[in-house]
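Enquirer: Each chain is listed here by its residues.
Protein chains: 2
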Amino acid sequence: MKPDHLPTFTVEPWVVREPRLDMDAMGQSESVFALSNGHIGLRGNLDEGEPHVLPGTYLNSFYEVRPLPYAEAGYGYPESGQTVVNVTNGKLIRLLVDDEPFDLRYGTLRRHERVLDMQAGTLSRDVEWESPAGRGVKVRSTRLVSLTQRAIAAICYEVEVMETGEGDDSAGKSEDALLVLQSELVANEQLPGRGADDPRLEAALDNVLEPEQSRAGDAGATLVHRTRGSQLRCGAAMEHEVSGPEGIQISTDANEDLARTTIIARVRPGETLRVVKYLSYGWSSRRSLPAVYDQVRAAIAAARYTGWDGLVAEQREYLDDFWATADVEIDGDAELQQAIRLATFHILQAGARAERRCIPAKGLTGDGYDGHTFWDTETFCLQVLSFVAPDAAADALRWRRSILPQAFERAETLGLKGAAFPWRTIRGHECSGYWPAGTAAFHINADIADAVRRHVAATGDTTFELEVGLELLVSTARLWRSLGHHDSAGNFRIDGVTGPDEYSAIADNNVYTNLMARQNLRYAAEVAAKHPRAASRLGVDSEEIASWRDAATAMLIPFDERLRVHPQSEGFTDHQLWNFEDTPAERYPLLLNYPYFDLYRKQVIKQADLVLAMQIFPDEFTDEQKRRNFAYYEAITVRDSSLSACTQSVMAARTGHLELAHQYLAEAALVDLHDLAGNTDHGMHIASMAGTWTAVVLGFGGMRCEADGLSFAPVLPPSLSRISFGLKWQGRRLRVSMTPDEVEYHLLDGAPMRLRHHDEPIALDVEAPVTAPTPPSVWVEPVEQPYGRTPRQRA
Amino acid sequence: MKPDHLPTFTVEPWVVREPRLDMDAMGQSESVFALSNGHIGLRGNLDEGEPHVLPGTYLNSFYEVRPLPYAEAGYGYPESGQTVVNVTNGKLIRLLVDDEPFDLRYGTLRRHERVLDMQAGTLSRDVEWESPAGRGVKVRSTRLVSLTQRAIAAICYEVEVMETGEGDDSAGKSEDALLVLQSELVANEQLPGRGADDPRLEAALDNVLEPEQSRAGDAGATLVHRTRGSQLRCGAAMEHEVSGPEGIQISTDANEDLARTTIIARVRPGETLRVVKYLSYGWSSRRSLPAVYDQVRAAIAAARYTGWDGLVAEQREYLDDFWATADVEIDGDAELQQAIRLATFHILQAGARAERRCIPAKGLTGDGYDGHTFWDTETFCLQVLSFVAPDAAADALRWRRSILPQAFERAETLGLKGAAFPWRTIRGHECSGYWPAGTAAFHINADIADAVRRHVAATGDTTFELEVGLELLVSTARLWRSLGHHDSAGNFRIDGVTGPDEYSAIADNNVYTNLMARQNLRYAAEVAAKHPRAASRLGVDSEEIASWRDAATAMLIPFDERLRVHPQSEGFTDHQLWNFEDTPAERYPLLLNYPYFDLYRKQVIKQADLVLAMQIFPDEFTDEQKRRNFAYYEAITVRDSSLSACTQSVMAARTGHLELAHQYLAEAALVDLHDLAGNTDHGMHIASMAGTWTAVVLGFGGMRCEADGLSFAPVLPPSLSRISFGLKWQGRRLRVSMTPDEVEYHLLDGAPMRLRHHDEPIALDVEAPVTAPTPPSVWVEPVEQPYGRTPRQRA
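As you go down the protein sequences, you meet chains Z and W in turn.
For the first sequence, the working numbering assigns the number 41 to the initial residue and increments by one for each residue that follows.
For the second sequence, the working numbering assigns the number 41 to the initial residue and increments by one for each residue that follows.
It is possible that part of the hints are untrue.
One copy or any two copies: either way a pair holds, since identical chains are not told apart in the list.
Below are the SDA-like pairs computed for lysine to any residue, each with C-alpha atoms no more than 25 Å apart in a straight line [said to hold, decoys possible]:
| # | residue 1 | residue 2 |
| --- | --- | --- |
| 1 | Lys768 | Thr302 |
| 2 | Lys457 | Thr623 |
| 3 | Lys457 | Ser759 |
| 4 | Lys457 | Pro285 |
| 5 | Lys768 | Val806 |
| 6 | Lys666 | Ser442 |
| 7 | Lys666 | Pro624 |
| 8 | Lys570 | Thr779 |
| 9 | Lys457 | Gly749 |
| 10 | Lys457 | Leu630 |
| 11 | Lys768 | Arg744 |
| 12 | Lys457 | Tyr827 |
| 13 | Lys457 | Arg441 |
| 14 | Lys570 | Phe657 |
| 15 | Lys457 | Asn619 |
| 16 | Lys457 | Gly771 |
| 17 | Lys457 | Gln616 |
| 18 | Lys457 | Asn633 |
No lab work stands behind these hints, which were simulated from the structure alone.
Predicted model, so just to flag it, every value in this text is computed and none were measured.
Modelling step: build the complete structure from the supplied sequences, incorporating the hints.
Expert: Quick look at the structure:
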């Protein structure tokens, strides 16, 4: 929330409402209001296209190549990268009222409200506008990107001509209004220029779409384009259903980059012109022009067959089912309640229908990070999706398996065995142009293996384990075996890598990385031993399995005996402390204001690293170590990454810092609603959204999901009166509700199960919920954050 | 020397002779035959310009700016770099013989010899050529870049028409030949394209020179240009003196980028047409067009006043004086003798008249490394120049002082105190586009301080110490004080820096860096205490001096107790050994065939680092440590840098590996004559040339030059029968000659002095040389190099 400024959004449990047009927050609202099903993404741009901050229509994995230049190149540097493409914009509906363009910058805006309804899965808009000539209209539009029909988006657009005197008392306005709607498909939209100062922003590409076909029908059209470099073909189609007064004229024309259906009607005051616009999108790297053309025509035919009301109904049904599992209820912090629902909604939108494509760091809500996918997917998004939308999680891992060929090739380039997954990519090729924070961040490979492990534990899906998991595990275990080495003392070391914290790089024996690699090696050994024939087909023999186990057993986990904390990496705790006192607030994020050189050599942490290791491996740290490590790293972690607060929340909760956990949870949840990072205009922070769920479930809920079962250790901060969350577990649905006094475990469906509550076994069946006492909170010594980096108090 | 190929050059003591045109080695010979005085550099291109590999005419510090692009930019990355400019080419003299262009690719080449005469300081050429039409001519040219007149180069060009039958017995050739000479100044020559695969090569820039003025006289012309980006103004003038048969016609014309004096003569067989071409160059960033114009006209007038014979005589006189001090005589290895003289000659050429400009890594012999200056200057070149051409050394350090403002600014950008000198630059701005091997290589600052210390010790020049040295020392000491920090145990640590070895980067407590920083801090304290008033004017007080001494005293020098060797940096000896056995010869240099990621994390060394520390700080290592360290690092050093063999030679000699020292000395000396690195075409390896002298004098000679005096510990390898070298020391000239039995110390001029011979004091005066016994060599355990990287045996 900006100071000196009314809140952009109201606080309501199930909707995000922008009660008035907030031009200053337009980039932010375009992202917050973005609709997506994981395949298609439409930014929350105004129907009429302008004004805008960043127009955006994205298709998952539809990218263009761009050169990656280097002042001094090096062997193995990627020569070209992949960048998300703003595809043909079908959201556009321009309106002319008596020849005056409907443009919020002109005339008089009497009312402008937009509502993202997270139960309906729609973005609606309600406008009362008086043209410069004094004609009043009400414009209502509702937009959806279908979660049930993957290729489909639709818009219901209504214009009502207002009675005289309703908006203005000038005479002569009770006459008919001449309304002209131009509903368009526009390819190669001009994108706004970007400042090149921020390394997180990437150059936009112009005119990447080469026209291949354009056809106009009576009330619709189809455009097919192909990218110049990546040679991907994209089809976009629109059709319109129009109702309203008599005498409506409809015509359509199309040229290479523009198709336009024009709807003209004379509308009396009080009457409404209603247009339903169906949009379909499809793309392919291999299918022919006619095939892609037919694909989008078929999809749009199906959508019209379903109809607008049908699409809306399907959408709600899909979401009802989703929320029945996934909803997190928070009593005692209304802002947080809303933010958590928005977070959960955006996680669903990012992953729901990605279907063996990647889940980008920004989902399909903006072009930040060039549209790339990072470790965010496995470590943050899948942590949620495996428990609330397991099919989407499985598909994301199937995507990883599908890019194994590129990962094998990359490993070979790097002189390694197995697979080296790209640090950032769209379709599998390494797109990182700065290797110390790219290639060197090998932990992504273990993050993928961990996501496999978690997914199998959450779902019990052994078919997935065999068909998808095994090869991912074997390939990543091979990587670690070749990346590390035994030193003369017999320790298995992994030198010169970069852990999650990007304010350090190229260090030896990063604790997070080594613990993750150890688990990767052990779990690969376990799964390979379980599926010997399949493993054998991958060339795995018992010697290789033994070598993984040996390396895992010998894995070096450094510990600073003097400070009695784990160093993030070997030697880390010997480094100079960052001078936080002399670092003014405006020089955050530090990476934009201090050289990497300075950051890397000092004790300052961008994001949870050792603390994330403690989240994932609670048994590898004693309680004292957890407490001491948490306090040590709290004091030097600046949270310049949105991937940090959620993890800090989990470990704050687990070490008894319950109010701090609440604060970090809120920070993670509000990152986009309050634009805390100042860059929501480039897209939603999907991993932080996911981390919100994680903070609730793994932190306050104390959930652990291991092969041997599910356990909880719920704790509730005094500031909240109730938390309730749900999840799927091995075919069941479970809901956990915590109050200050007790925790209720409710098996909603599925076979009876056992779980542990604070280490006590509990048997559950669908007959009746079981309650257990919430343990009293105990006083713990407070921890401190760096100067000026204390999280915001919750009211 | 290439296999299956006659040697390009003959082996002779004082000249480098190319007995026949070797088209395959043309790029190499252009560099080897480059003439320079440190201000002007002319590559050894043919007079007629073609064929060529890389045409090159350079003026010290005359550069253009070019953008430095980054796939992912970061704070503090330099946005633009400086690149050497190929300025107006005045070497060009084209010849037409009866309308046939004199072009070695056509007609019949009966003889083609080029000779670089290191005593005369000239490159001469002797050609017998028969035109396609059968006309025979002898072309003799001699070229010099004046060491006495800094702005001047000159060419004496003679064409003799051959008698009939001399070259061919066809009839009708005893008639007059019509000779046309076109002597030119050409700006914006087209440069050949470069492969972008090699990160060491940089893009050439086209048409950087904008014409400002061109004027033609009767037999000469002047062109003035200005660079587009850097706004530097360059003037070039030529004048001709022509003699020969009657009736010679001379005319000159000039346009923007071309001035041409045309000389036409009808020449009878046996007659000679002789042209002396005087060239003058000047440039300025501040002076006006008329001023630069007048400057080059004045210089050329002075050159004509001196005349060709005068210039030749001055040149020889200058060189006689130089060689009297600097000559290194080697008996027993003729190839090495020649190579050492060539090396010494190129060092002189690089530094002689640089006069407060930089000494680039390639001198002015090519455009390799963009024409940049690195630490090579201080650590390699000045190690020689302070002892053989101390004025040039002083000027190079004055240049460093002149770029202090840029170094202060860079330090501020990096959040540091004092001065942070650029890793690579032409005029003081950091031009490194890869910070782990650029900005992080802070040792350059201590290298500069060490060069100051050495220069003051060599010259006893306390005025220099006060006026130039003090501020350099104070500024660099401040840098180290702010770069390092005291850890909780009280050690002063310097973390996250890169030492000399570029196959490691961003490591903690690099031994070389920490020892150099310690010396820098101590020496700055000493000199500041010696000049309290001047130090006070720089803001130095006794507290600051004390803080330097404290940091120096507490400096952490890591040692591996288990292996009993010094790790190059903390933790280095724990890293995995590079797999040398599986690294085929064609994958060297490794940096072009393996990712930095892989190199940095393993034990593999590009170039001497810890071994260089042992060369500079013999007292910081016990004899056992020297022996063990040398053996340890020998086994992992691949010498992918030309800055390595010379240092390895020094330490091989000092640890008793005398034959190995000889081999490394030869490798350093022959790097360009034998094109051992395969890239001599881009310019001479000036630091390796300098290292040749260092290997002889510091290695075999065992010289140490400390504030308390000069000492020697000569050792002679059995393969050589005599080494003699000379040097200047505190206003004296001294010659040291070593035979298997004895060492002769000869004070050639100057006041009586004392020195030490193998720790024994010796008193010397000019009356008579003193001899002392050469100690017998003792057997030492052999050391091994990495598989396939053993240096070549000497025959």
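Enquirer: With reference to the structure, classify each hint as holding or not holding.
Expert: Now for the hints, and whether the structure bears them out:
Neither within a single protomer nor between protomers do Lys768 and Thr302 lie at most 25 Å apart by alpha-carbon distance, with minima of 48 Å and 92 Å respectively. Within a single copy, Lys457 and Thr623 get their C-alpha atoms only as close as 43 Å, which misses the 25 Å cut-off; across copies the closest is 16 Å, which meets it. Taking the shortest Cα distances, Lys457 and Ser759 never come within 25 Å of each other, neither inside one copy (51 Å) nor across copies (47 Å). For a Cα distance limit of 25 Å, the shortest separation of Lys457 from Pro285 qualifies neither inside one copy, at 69 Å, nor across copies, at 77 Å.
Proximity of Lys768 and Val806 under a CA criterion of 25 Å is satisfied intra-copy only: 14 Å inside one chain copy versus 97 Å between copies. For the homomeric pair Lys666 and Ser442, neither the shortest alpha-carbon distance inside one copy (38 Å) nor that between copies (54 Å) is at most 25 Å. Proximity of Lys666 and Pro624 under a CA criterion of 25 Å is satisfied in neither setting, with 30 Å inside one chain copy and 48 Å between copies. In this assembly of identical chains, Lys570 and Thr779 lie within 25 Å of each other by CA distance neither inside one copy nor across copies; the values are 42 Å within and 75 Å between.
In this homomeric assembly, Lys457 and Gly749 never come within 25 Å of each other (Cα to Cα): the closest approach is 33 Å inside a single copy and 57 Å across copies. For the homomeric pair Lys457 and Leu630, the shortest alpha-carbon distance between copies (19 Å) is at most 25 Å, but the shortest distance inside one copy (36 Å) is not. Proximity of Lys768 and Arg744 under a CA criterion of 25 Å is satisfied intra-copy only: 13 Å inside one chain copy versus 76 Å between copies. With identical chains, the CA atoms of Lys457 and Tyr827 are at most 25 Å apart between copies only, with a shortest distance of 23 Å across copies and 44 Å within one.
For the identical chains of this complex, Lys457 and Arg441 are intra-copy neighbours only, at 16 Å inside a copy versus 50 Å across copies, given an alpha-carbon limit of 25 Å. In this assembly of identical chains, Lys570 and Phe657 lie within 25 Å of each other by CA distance solely inside one copy; the values are 23 Å within and 60 Å between copies. Taking the closest pair of Cα atoms, Lys457 and Asn619 come within 25 Å of each other only across two copies (15 Å); inside a single copy the shortest separation is 41 Å, beyond that limit. For the homomeric pair Lys457 and Gly771, neither the shortest alpha-carbon distance inside one copy (36 Å) nor that between copies (62 Å) is at most 25 Å.
Taking the shortest Cα distances, Lys457 and Gln616 sit within 25 Å of each other only across copies (16 Å), while inside one copy they are farther apart (36 Å). Taking the closest pair of Cα atoms, Lys457 and Asn633 come within 25 Å of each other only across two copies (17 Å); inside a single copy the shortest separation is 38 Å, beyond that limit.
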